[in-house]
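Engineer: Here is what each chain is made of, one letter per residue.
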Amino acid sequence: MSSVPIHNKHPFFEQSKFLTKLLVRNRASLAGIVITVVYFAIALLDIFYPHYLGVENDTSMLFFLRGHSISSLPPTPPTMRDGWWYFLGTTVSTIPIFPSMLAALRYDLIYSVLIVVAGAVIGTFFGALSAYFGGATDETLMRITDIFLSIPLIPLAIAVTFFLGSYFIDEVYALIFVSWPAFARLARGETLSIRNQAYIHAATSAGSSRLRNIFVHVIPNVLSPIYVQASLGIGRVVLIFATLDFLGIIRGNPYMPELGKLMVLGESYLPEGIWWPVVIPGVFLVIFVVGINLLGDGLRDVLDPRLRG
Amino acid sequence: MQLGFYVLRRIIAMIPTLFGLTLLMFLLERTIPPSILASQYVNPDSTVPIQQQLHNAYIELGLNRPAPVQFFYYLINLLHGNLGYMNSSYYSGSVLGAIETYFPNTAQLVIFSMALTLLISFPLGTYIGARPGSISDHASRIFAITGYAIPTFWLGLMLQLLFGRGVMNLPVSVFPLDGIVSSSALPNPLPSWLINPVTGALYSSPTHMILFDALLHGDFSLAFNAFMHLVLPVITLTYALLAGLLRFIRSGMVDTSRKEFVRTARAKGVPERLVVTRHIRRNALIPAVTVVGLLLADLLGGVVVTETVFEYPGMGLLSVNAAISDEIYGVVGTTLVFGLIMVIVNLIVDVVYAYLDPRIRY
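Note that the protein sequences, when read in sequence, are chains V and U. Going by the working numbering, the final residue of the first sequence carries number 445, and the count climbs one at a time with no gaps. Going by the working numbering, the final residue of the second sequence carries number 368, and the count climbs one at a time with no gaps.
Derived from the structure by calculation, the hints contain no laboratory data. Some hints here could point you the wrong way.
Taking beta-carbon pairs under 8 Å as the criterion, some of the chain U residues facing chain V (in silico) [what the hints assert, rightly or not]:
1) PRO22
2) LEU130
3) THR158
4) PHE159
5) TRP160
6) LEU167
7) PRO197
8) THR314
9) SER325
10) ILE330
11) THR341
12) PHE344
Simulated coverage check for chain U against chain V, where a stretch passes if three residues somewhere in it have a Cβ under 8 Å from a Cβ of chain V [as the list claims (entries may be wrong)]:
13) 33-45
14) 114-120
15) 346-355
A virtual CB, placed ideally from N, CA and C, is assigned to each residue, including glycine.
Produce the complete structure using the sequences and hints provided.
Structural biologist: Here it is in structure tokens:
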């Protein structure tokens with residue numbers, strides 16, 4: 137048999153390669169990529185190899201006491217003397233901050249991604265549906281998004297979490313519930329701009345059904361702004377996550393490894409000048425959000441050819 | 007089209023949103039079993055026996071009726087200002103009373119934050135927007151990036167840490183860290199304008215905002231004290247707001263300066279200062295009005311967090327405390343008020359926008 141050249145140059149990969157090159161060329165978005173990759177690597181390591189810290193760290197920061205009983209000693213400052221385990225100091229009950237922070241990424245990052253992806257999928261579908269069908273469907277769906285967008289995000293998230301039951305998983309559901317309308321708005325706007333393009337009409341005349349049109353021809357072409365919104369959304373959701381936990385409306389395990397809860401633990405020591413239990417996790421959180429926002433800004437510049445400059 | 011007609015149409019368009027808002031809150035509220043809904047609908051101040059009140063709750067809320075009828079009862083109760091009751095350590099009494107007590111404090115906070123944001127962002131945004139690529143532009147970019155990334159509660163805590171006693175080892179903190187006014191600053195005995203005639207609690211009149219009331223009654227030391235209590239919460243709220251608005255005004259200025267009428271103005275020989283103030287700024291600031299409305303949503307979300315951090319007795323602290331102490335009607339009431347504020351602000355923003363830019367009124 138004669139050798140047939142294998143086509144491995146799918147346009148998607150070609151385009152991705154091109155966009156990555158553009159992204160990496162910009163120093164700010166390169167920094168964003170590095171920060172994001174490092175944080176997600178830690179979070180994924182936690183999932184696939186939960187013993188990487190040497191102890192089980194599934195549900196509670198108390199595991200990081202490594203068998204020591206809970207003490208009422210005040211937090212100890214960052215020091216290299218006691219080894220890397222304690223090099224960022226300890227918080228309440230001498231829980232070491234460093235492994236708690238790393239373990240917190242598992243909840244903060246993975247659930248934030250889950251929330252944003254779920255919100256983006258639901259929102260994009262309804263947005264595209266709304267704009268493509270038009271008429272009464274559009275009017276109804278957009279009035280519904282109006283209602284969601286007319287309540288400030290944090291009070292709405294508090295209310296929904298409260299009525300779902302105030303546990304961690306309720307917070308996740310609540311944030312999915314409040315995050316899809318923004319995506320729906322965006323997808324609707326984009327769909328309206330491509331709805332009457334020739335290729336959509338061509339697909340229709342070739343016998344493509346309306347739903348097939350939406351899934352195969354509309355949604356793939358409205359995704360660029362959704363990617364940008366999603367990457368910025370992850371930063372926002374991580375912040376809201378920490379905020380809701382900080383406000384104390386989430387019940388259940390007070391030692392769940394989560395950055396907001398970690399900061400709550402140390403908050404009562406702040407007036408005594410014990411700064412590290414709050415400052416260090418906060419800086420850790422801010423660095424991640426800065427990173428993912430830089431990545432989002434970079435993505436926006438790259439995906440919109442008008443901004444490439 | 008006339009502006010008045012546009013306003014009327016906008017007000018009518020508000021009705022479905024308000025209806026949906028109440029429907030959403032109704033549906034959320036009815037995820038709670040009716041017996042619990044009734045048991046929380048008990049006025050702690052009333053002399054009516056509990057059994058009788060529980061019975062009345064079923065009738066007033068229509069709990070033994072079908073859901074659509076319940077919603078009708080719900081709307082009627084809302085229109086009568088009957089938002090239910092709270093009975094927690096933070097506030098006990100009717101939810102409407104709680105909102106009346108705490109709303110002015112939040113309004114005071116929001117007024118100062120908004121005023122500070124606008125006062126800084128418009129001149130500074132114009133200045134930066136006229137100089138893209140300069141050092142001030144890069145500084146504003148860094149400011150914007152951190153403004154989006156720093157969680158409000160953490161910023162508040164950091165300010166408390168910086169200006170509290172801890173780090174600098176001061177005898178007293180530079181700014182008061184919590185509350186709305188120090189109890190030591192209040193005149194003793196309390197004058198009548200500081201007391202709520204019904205409950206006897208601290209509640210200033212006539213504006214109910216203690217800073218303005220103190221100024222009106224000439225008590226400048228109390229006003230100063232109230233002002234000092236506002237400094238840190240206002241800085242906390244302004245930071246994130248400013249970051250967004252500054253960046254938006256800047257990019258608006260840059261976009262407008264590329265327009266052809268600007269080139270024409272320069273070609274005519276209009277001095278650069280006048281090009282910026284008359285031609286670029288006027289057109290660039292119109293879209294900023296819309297963004298101010300959108301930012302208010304962030305501001306109200308930030309209020310919830312800031313008030314909790316600074317223990318500032320306002321709507322946000324009320325809603326968080328209601329959620330923590332399982333006060334169903336407190337949570338619903340505060341969320342509805344936040345939604346109502348947003349709807350009204352969006353209306354005002356749209357009207358101002360239509361007034362500034364007649365092309366909008368299509």
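Engineer: Using 8 Å as the Cβ threshold, decide whether ILE330(U) counts as touching chain V.
Structural biologist: Cβ of ILE330(U) sits 6 Å from chain V, so the hint holds.
Engineer: For the restraint on PRO22(U), tell me whether the closest CB of chain V is nearer than 8 Å.
Structural biologist: At 6 Å from the nearest chain V Cβ, PRO22(U) passes the 8 Å test, so the hint holds.
Engineer: Can you tell me if the stretch 33-45 of chain U counts as covered by chain V, using C-beta to C-beta distances under 8 Å and a minimum of three residues?
Structural biologist: It holds, with 4 qualifying residues against the three required.
Engineer: Go through the hint on THR341(U) and say holds or violated, using the shortest Cβ distance to chain V against 8 Å.
Structural biologist: It holds, given that the least Cβ distance between THR341(U) and chain V is near 4 Å, below 8 Å.
Engineer: Counting residues of the stretch 346-355 of chain U with a beta carbon closer than 8 Å to any beta carbon of chain V, are there 3 or more?
Structural biologist: With 3 residues close enough to chain V, the hint holds.
Engineer: Could you check if TRP160(U) really has its C-beta closer than 8 Å to a C-beta on chain V?
Structural biologist: Nearest chain V Cβ about 4 Å off; hint holds.
Engineer: Close enough to count: is the Cβ of PHE344(U) nearer than 8 Å to one in chain V?
Structural biologist: 4 Å, holds
Engineer: Less than 8 Å between beta-carbons is the criterion; does SER325(U) satisfy it with respect to chain V?
Structural biologist: At about 6 Å, which falls below the 8 Å cut-off, the nearest Cβ of chain V leaves the hint on SER325(U) intact, so it holds.
Engineer: Please verify that hint: PRO197(U), Cβ, nearest Cβ of chain V, below 8 Å or not.
Structural biologist: Interface hint status for PRO197(U): violated (32 Å vs cutoff 8 Å).
Engineer: According to a criterion of three or more residues whose C-beta lies within less than 8 Å of a C-beta of chain V, is the stretch 114-120 of chain U covered?
Structural biologist: violated (count 0)
Engineer: Can you verify the interface hint for PHE159(U): is its Cβ closer than 8 Å to any Cβ in chain V?
Structural biologist: 5 Å, holds
Engineer: Taking the least C-beta to C-beta distance, is LEU167(U) closer than 8 Å to chain V?
Structural biologist: 6 Å, holds
Checked against the numbered hints given earlier, this structure breaks hints 2, 7, 14; the rest are met.
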